[in-house]
Structures are given as C-alpha cells and as structure tokens.
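Peer 1: Note that the protein sequences, when read in sequence, are chains A and B. Note that this note's numbering numbers the first sequence so that position 47 is 47, with each residue one more than the last. Note that this note's numbering numbers the second sequence so that position 66 is 1066, with each residue one more than the last.
Hints in this document: simulated from the structure, not taken from any laboratory. Note that the Cβ used here is the ideal one computed from N, Cα and C, for glycine as well. The reader is advised that the hints may include incorrect statements.
Taking lysine-lysine and the DSBU-like style, the derived pairs with C-alpha atoms no more than 35 Å apart in a straight line are [said to hold, decoys possible]: (1) A:Lys-67 - B:Lys-1079; (2) B:Lys-1002 - A:Lys-40; (3) A:Lys-22 - A:Lys-52; (4) A:Lys-36 - A:Lys-71; (5) B:Lys-1079 - A:Lys-52; (6) A:Lys-9 - B:Lys-1002; (7) B:Lys-1042 - A:Lys-36; (8) A:Lys-36 - B:Lys-1002; (9) A:Lys-44 - A:Lys-71; (10) B:Lys-1079 - A:Lys-71.
Computed from the model, here is a short list of chain A residues facing chain B with C-beta under 8 Å [unchecked claim]: (11) Leu-27; (12) Lys-71; (13) Phe-90; (14) Glu-103; (15) Phe-106; (16) Gly-107; (17) Pro-108.
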Amino acid sequence: DTAVSQTPKYLVTQMGNDKSIKCEQNLGHDTMYWYKQDSKKFLKIMFSYNNKELIINETVPNRFSPKSPDKAHLNLHINSLELGDSAVYFCASSPTGTSGGNEQFFGPGTRLTVL
Amino acid sequence: RKEVEQDPGPFNVPEGATVAFNCTYSNSASQSFFWYRQDCRKEPKLLMSVYSSGNEDGRFTAQLNRASQYISLLIRDSKLSDSATYLCVVNVYSSASKIIFGSGTRLSIRP
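Taking the hints into account, I'd like the entire structure generated from these sequences.
Peer 2: Pasting the structure below:
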C-alpha cells in the first residue's frame, strides 16, 4: 500500500510548456508539502498546505501554483517551464503540521527534465 | 551563512567503523530536530528525531547541543546498508513555522 504517491515519476518536456504533478496520501494526514531537490541535492520546501489551506509559501516563482482539492491531495501546476525548473519534486505529508514536529512521509519523487 | 550546515562528505569508512556527523543551525528559534536518510534516487525517510536529552536507536545515537546550536549523529558498527546521504532537518517556529533541510552528508561504507 503506497502511503504517499506521486504521478508521473518522470516528466520530460520542452521549455515554455505547462505541466502538472499530482500527489495523494492515504495516511489521513492534515498537512502536505511540496519540495524541490536540485542537482546539488539540496532539498528546499516550496509550499505547505494544512487541511486544504496554504500555510507555507516560500519564495517560489508564481509560475508554480499548488492546488489542494481535499486534504488527501496536493497537486503542483507549473506554467511556462524553464530550464532551471529541472529537478526532483517531492511531495510529503505529516499528521498535524510542522508545529508538532511530526515525521514527514515523502512520496517517491517526480524527476522533471526541461529541454 | 546557511541556516543549516552540514559537512557534505563523502565519508568513506570500512564496515564496522564508528562514524559521526555534525550539523549546525543558525536560528535560535529552532525547536524540533531530525535526522533523515536518503538513498540514491530515493525519497528521504526519517531516521530519528533528536531530543534535548539525547536519544539512541540501536546503533544510532543523536545528540542536541542547544547552547552551541549543533546536532550530531553517531553510527556505531557501521553496515554496508548504512551507505546513504544523511540529512539534518530543523523546524523553526517564529511568526510562522519553517522547515529547513541541510544539504546532506554522504556516507559510503566499504567492505
């Protein structure tokens, strides 16, 4: 049983395209996150949602738009893709959000390559 | 200065050795601390939380020094399967919560 799942696992696309990555968790967690891990392996938080509400929005270009239709899903839409968007994007979830210091469970990642 | 700093390594040690990693953080409002493990081309997974009194889980021992703002991870009797990147993670609580990952320390265990 997959706890946090992401689709697609690999995404290769041309500059300027618009693409979406989907994330679902079946753990019943209240909080979900998107992270970007670049080629230097540095993992940086992009967004966090708690019960479908945005609670963390780091300095991310507004070409990136998260959407949470319900607390089990947090999708990431990216407009006008750029070369620098190439990275691995991880979705994660945790039970009660970061204030509780709870463990985060990560999805397997989506490897995005922009040509 | 980065908010969370780790020695990137790689640490290359023989099986059975003891290895220690340190991590320093700059924000004194940091309140929760963790070590995560990330295998090559895989997602990060929680290894252990770090408590003020220090905590141990089998061969792994984590320590927190709030005065000096550093966290350590000690691995005893290292196994080949310990080869991975170890990520130091800090939760900072001020006006809003913030999660900060260190860039990771690569560990390679050789037979």
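Peer 1: A separate judgement is required for each hint: does it hold in the structure or not?
Peer 2: To see whether the hints hold, each was checked on the structure:
1. Restraint check: the Cα-Cα separation between Lys-67 (chain A) and Lys-1079 (chain B) comes to about 42 Å, which exceeds 35 Å; the hinted pair is violated.
2. Under the criterion of a C-alpha separation no larger than 35 Å, the hint pairing Lys-1002 (chain B) with Lys-40 (chain A) is consistent with the structure, at around 15 Å.
3. A hinted pair counts as satisfied when its Cα atoms are at most 35 Å apart, and Lys-22 (chain A) with Lys-52 (chain A) qualifies at roughly 15 Å.
4. Using a Cα cut-off of 35 Å, the hinted pair Lys-36 (chain A) and Lys-71 (chain A) holds, with the two alpha carbons roughly 21 Å apart.
5. Pair hint Lys-1079 (chain B) plus Lys-52 (chain A) does not hold up; C-alpha atoms about 42 Å apart against a cutoff of 35 Å.
6. A hinted pair counts as satisfied when its Cα atoms are at most 35 Å apart, and Lys-9 (chain A) with Lys-1002 (chain B) qualifies at roughly 30 Å.
7. For the hint pairing Lys-1042 (chain B) with Lys-36 (chain A), the CA-to-CA distance comes to about 13 Å; that is within 35 Å, so the pair holds.
8. Straight-line distance between C-alpha atoms of Lys-36 (chain A) and Lys-1002 (chain B) comes to about 17 Å, which keeps the hinted pair within the 35 Å bound.
9. For the suggested pair Lys-44 (chain A) and Lys-71 (chain A), the alpha carbons sit about 22 Å apart, so the restraint of at most 35 Å is met.
10. Between Lys-1079 (chain B) and Lys-71 (chain A) the alpha-carbon distance is near 39 Å, which puts this suggested pair outside the 35 Å criterion.
11. Below 8 Å, beta-carbon pairs count as interface contacts, and Leu-27 (chain A) has none with chain B, the closest being about 13 Å; its hint is therefore violated.
12. This hint is violated: Lys-71 (chain A) has a C-beta 18 Å from the nearest C-beta of chain B, more than the 8 Å allowed.
13. Given hint, Phe-90 (chain A) at the interface with chain B, holds; its Cβ is 6 Å from that chain's nearest Cβ, closer than 8 Å.
14. Checking Glu-103 (chain A) against chain B: minimum C-beta separation of about 5 Å stays under 8 Å; hint holds.
15. Hint status for Phe-106 (chain A) relative to chain B: holds, with the closest Cβ pair at about 4 Å, below 8 Å.
16. Nearest Cβ of chain B to the Cβ of Gly-107 (chain A): about 6 Å, under the 8 Å cut. The hint holds.
17. For Pro-108 (chain A), the suggested interface contact is upheld, since its CB lies about 6 Å from the closest CB of chain B, less than 8 Å.
Hint check: violations occur at hints 1, 5, 10, 11 and 12; the rest are consistent with the structure.
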